[in-house]
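One-letter residues, chain by chain:
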Amino acid sequence: MKRKTVWKMWITLALTALLSITALAGCSSESSTTNNGDGAKSTETSSDTNTLEKIKKRGKLIVGVKYDLNLFGLKNPETGKVEGFDIDIAKGLAKKILGDENKIELKEVTSKTRIPMLNNGEIDAIIATMTITEERKKEVDFSDVYFMAGQSLLVKKDSKINSVKDLKKGMTVLTAKGSTSAQNIRKVAPQVNVLEFENYAEAFTALKAGQGDALTTDNALLLGMAKQDPNYRVLDETFTEEPYGIAVRKGDTEFLKVINEYLKEIKENGEYDKIYEKWIGKKPQQQ
Amino acid sequence: MLRYSILFDHWDMYMQGFVNTLKASVLALIGSLIIGIIIAIFRIAPIRPLNWLGAAYVEFIRNIPLVLIVFVFFVGLPAVGIRFDPFTAGTLGLTVYTAAFIAEVIRSGILAVPKGQMEAARSSGLTYLQTMRYIILPQAIKMVIPPLGNQFINLVKNSSVLGVIAGLDLMYFGDLISSETFVTFDVYIFVALFYLVLTIPLSLGVGYLERRLAKSR
Amino acid sequence: MDFIGAYSPAHLTFLLQGFLVTLEVAFISIIFSFIFGIIIGVIRYTKIPGISQIFAIIVETIRNLPLLLIIFFTYFALPEVGLKLDKFYAAIVALVVFESAMLSEIVRGGLNSIDKGQIEAARSSGLTYIQTLWYIVLPQALRRMVPPIVSQFISLLKDTSLAIVIALPELMNHAQIINGRNVNYVIPIFILVALMYFVVNYSLSLVSRRLEYKQR
Numbered sequence: 001m002k003r004k005t006v007w008k009m010w011i012t013l014a015l016t017a018l019l020s021i022t023a024l025a026g027c028s029s030e031s032s033t034t035n036n037g038d039g040a041k042s043t044e045t046s047s048d049t050n051t052l053e054k055i056k057k058r059g060k061l062i063v064g065v066k067y068d069l070n071l072f073g074l075k076n077p078e079t080g081k082v083e084g085f086d087i088d089i090a091k092g093l094a095k096k097i098l099g100d101e102n103k104i105e106l107k108e109v110t111s112k113t114r115i116p117m118l119n120n121g122e123i124d125a126i127i128a129t130m131t132i133t134e135e136r137k138k139e140v141d142f143s144d145v146y147f148m149a150g151q152s153l154l155v156k157k158d159s160k161i162n163s164v165k166d167l168k169k170g171m172t173v174l175t176a177k178g179s180t181s182a183q184n185i186r187k188v189a190p191q192v193n194v195l196e197f198e199n200y201a202e203a204f205t206a207l208k209a210g211q212g213d214a215l216t217t218d219n220a221l222l223l224g225m226a227k228q229d230p231n232y233r234v235l236d237e238t239f240t241e242e243p244y245g246i247a248v249r250k251g252d253t254e255f256l257k258v259i260n261e262y263l264k265e266i267k268e269n270g271e272y273d274k275i276y277e278k279w280i281g282k283k284p285q286q287q
Numbered sequence: 001m002l003r004y005s006i007l008f009d010h011w012d013m014y015m016q017g018f019v020n021t022l023k024a025s026v027l028a029l030i031g032s033l034i035i036g037i038i039i040a041i042f043r044i045a046p047i048r049p050l051n052w053l054g055a056a057y058v059e060f061i062r063n064i065p066l067v068l069i070v071f072v073f074f075v076g077l078p079a080v081g082i083r084f085d086p087f088t089a090g091t092l093g094l095t096v097y098t099a100a101f102i103a104e105v106i107r108s109g110i111l112a113v114p115k116g117q118m119e120a121a122r123s124s125g126l127t128y129l130q131t132m133r134y135i136i137l138p139q140a141i142k143m144v145i146p147p148l149g150n151q152f153i154n155l156v157k158n159s160s161v162l163g164v165i166a167g168l169d170l171m172y173f174g175d176l177i178s179s180e181t182f183v184t185f186d187v188y189i190f191v192a193l194f195y196l197v198l199t200i201p202l203s204l205g206v207g208y209l210e211r212r213l214a215k216s217r
Numbered sequence: 001m002d003f004i005g006a007y008s009p010a011h012l013t014f015l016l017q018g019f020l021v022t023l024e025v026a027f028i029s030i031i032f033s034f035i036f037g038i039i040i041g042v043i044r045y046t047k048i049p050g051i052s053q054i055f056a057i058i059v060e061t062i063r064n065l066p067l068l069l070i071i072f073f074t075y076f077a078l079p080e081v082g083l084k085l086d087k088f089y090a091a092i093v094a095l096v097v098f099e100s101a102m103l104s105e106i107v108r109g110g111l112n113s114i115d116k117g118q119i120e121a122a123r124s125s126g127l128t129y130i131q132t133l134w135y136i137v138l139p140q141a142l143r144r145m146v147p148p149i150v151s152q153f154i155s156l157l158k159d160t161s162l163a164i165v166i167a168l169p170e171l172m173n174h175a176q177i178i179n180g181r182n183v184n185y186v187i188p189i190f191i192l193v194a195l196m197y198f199v200v201n202y203s204l205s206l207v208s209r210r211l212e213y214k215q216r
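Chains as they are written, first to last, in full-length UniProt numbering: chain L, 1 to 287; chain S, 1 to 217; chain Z, 1 to 216.
Okay, chain L solo, but in the shape it has when bound (with noise of 0.2 Å):
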């Protein structure tokens, strides 16, 4: 008798479960649709999302940086600070919106997690080499590219792989979730494996631990890794135009418009080479 009645229990589990999740599930895509359905027209959203305002009276930016990437956005554990690219760029907009490069306040996303944080309200805008794509486009809003890069590979020194054509059937090729760089590999290299990371750090462990013949994304990444550490080289050839841009939440436009003036402003005072330097070690090239 006992049996019986567990029975019934899941039995009744299983309906509910299946009737509360098509509940939840119907307001979740219906919300989501009346969001995105008449962007123009919904004022109630532009009055929650008028973001520079909020800024305004916190006195404080926050951005989605990589904690992972040299040279864009890394957490050194010696300082405790978090340096690179993306961050100079987050610094200079917190100064040209709040006039101190110090209110600011910086939260680690990854791939993954940065567009459902920006969408949390969790941060305000993503700073994080994110690549502007049209996909993308649908989820959040986009600035001018602010930086140039292009997808490649990172190898062993000694590795015979010198180009994408090297990859052969049977080779395992990393790099992390919710990037462009696993979409972008199977278009040109469909017989290898790719794996996928949380980060590119665990990539990059991952590739360390011989878990892979080589870890692709953009070269800008790669080449942070390779100077981390000397035993690998980046390829010289890039496969893709990856242009980054700053994302903020849809509907977004006054302060997007606050952020392209920025970048106008940076790269005509001479400021944004000065940060390219940096970072990079050379001059940018013109477009």
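Be careful, since some hints might not be right.
[What the hints assert, rightly or not] Computed cross-link-like contacts, DSSO-like style, restricted to lysine-lysine with a CA-CA straight-line distance of at most 27 Å: (1) Lys-56(L) / Lys-84(Z); (2) Lys-96(L) / Lys-250(L); (3) Lys-95(L) / Lys-278(L); (4) Lys-57(L) / Lys-84(Z); (5) Lys-84(Z) / Lys-215(S); (6) Lys-137(L) / Lys-84(Z); (7) Lys-215(S) / Lys-116(Z); (8) Lys-169(L) / Lys-23(S); (9) Lys-138(L) / Lys-84(Z); (10) Lys-84(Z) / Lys-60(L); (11) Lys-84(Z) / Lys-250(L); (12) Lys-54(L) / Lys-84(Z); (13) Lys-250(L) / Lys-57(L).
None of these hints come from the bench; they were simulated from the model. Keep in mind the model is a prediction, meaning the values are calculated, not measured.
Chain L is fixed; fit chains S and Z onto it per the hints.
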């Protein structure tokens, strides 16, 4: 409504993950049963150093996180030249971790067999190992099956750590699908249903065995 | 292997910072899941028609899912339905949800192990049902439950390391950041981190054994 298209469009990925989760769980169960039995015997054998060794294994492993053990196999051992692919590293980590719990289950099962039986068997001329093999273990096994079942349920759930090291399991593929499609809610619900397909029948089975055992006492 | 480089003062402080986050998350989660665990366990024990069954269904579903999935779900999926949590709270919520379900089963088992004759005796001496539960059954049951509850707390403390998947800056996350700098640090760091977890958890289990011993 749930977006079922996400499930059907990525069915192959879900299935591959599901099969690998099952594979990792079964392989780790076999491995941890073998190690667990050996450790349990170490702990009760009449040899002091073996007792200590067994106790040290159980106490140490039970008090550190599974993620750490899996990372040791994934990036720790490769640092000294021993390499495993992610799936193997994860399965080995699961095995080492679960073995400590299984050893405890088996030990308490063996200790539950009345001491007099050991003495009687020994005095009738059986060796220690023979007594274990023919008298004690068969009785202990009956008692330990329900708690072992619970360990297997934990194993299936814990196998999700493979997702952290790209171990190609259900969690890994679920996470991958969600980061490719930007759909999270629906994807994780489907992943949850796949796990429940494995764990709920196991839970029901364990519950049934527990009740049957309680009745037979 | 480079023990000296790995154990530099900067690295040690960095690990300690991570460990503080681990302990903080674990401590808050333990308190809340203990409270919820008792409430849910008692509700299931009292067999209030309807409500007990609903809790049974929820608890059984959660218990049969991997905690890792619940963490992912709390952090990545709940925002889709309008519930937004930052990493720290997402980790705590996920842990509390999962561990409350586990603890409620322990509580229910402990309550069931109390002799039904005691309840009848207490009731016939004039106590209400709630009073009987609160003064007679629960205190005895809790005493019996100390060892399994403490081992559940140990699990919780270990499980905080799963929050590495949402980059919560806890011990495991900080360990991996250091490991990323140099392959020769990996094994020394893992040894140290394992000892840090071990010392806290083993002390907890010793306390639990002491309590168990005292009862006899």
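Hint check results:
Our distance criterion of 27 Å between C-alpha atoms is met by Lys-56(L) and Lys-84(Z), whose separation comes to about 22 Å. Between Lys-96(L) and Lys-250(L) the alpha-carbon distance is near 22 Å, which keeps this suggested pair within the 27 Å criterion. For the hint linking Lys-95(L) to Lys-278(L), the alpha-carbon distance of about 19 Å falls within 27 Å, and the restraint holds. For a cut-off of 27 Å, the pair hint linking Lys-57(L) to Lys-84(Z) stands: about 21 Å separates their Cα positions.
Of the pairs offered as hints, the one joining Lys-84(Z) and Lys-215(S) is violated, with about 49 Å between alpha carbons and a cut-off of 27 Å exceeded. Only pairs whose Cα atoms come within 27 Å are accepted, and Lys-137(L) paired with Lys-84(Z) is accepted, the gap being roughly 21 Å. For the hint pairing Lys-215(S) with Lys-116(Z), the CA-to-CA distance comes to about 19 Å; that is within 27 Å, so the pair holds. Restraint check: the Cα-Cα separation between Lys-169(L) and Lys-23(S) comes to about 25 Å, which is no more than 27 Å; the hinted pair holds.
Proposed proximity of Lys-138(L) and Lys-84(Z) is supported: the alpha carbons are some 20 Å apart, at most 27 Å. Taken as a hint, the Lys-84(Z) and Lys-60(L) pair is honoured in the structure, with Cα atoms around 20 Å apart against an allowance of 27 Å. Between Lys-84(Z) and Lys-250(L) the alpha-carbon distance is near 17 Å, which keeps this suggested pair within the 27 Å criterion. With a C-alpha separation of about 17 Å, the suggested pairing of Lys-54(L) with Lys-84(Z) holds against the 27 Å cut-off.
As the CA atoms of Lys-250(L) and Lys-57(L) are separated by approximately 21 Å, the hinted pair is consistent with the 27 Å bound.
The structure is inconsistent with hint 5 alone, although it conforms to all the rest.
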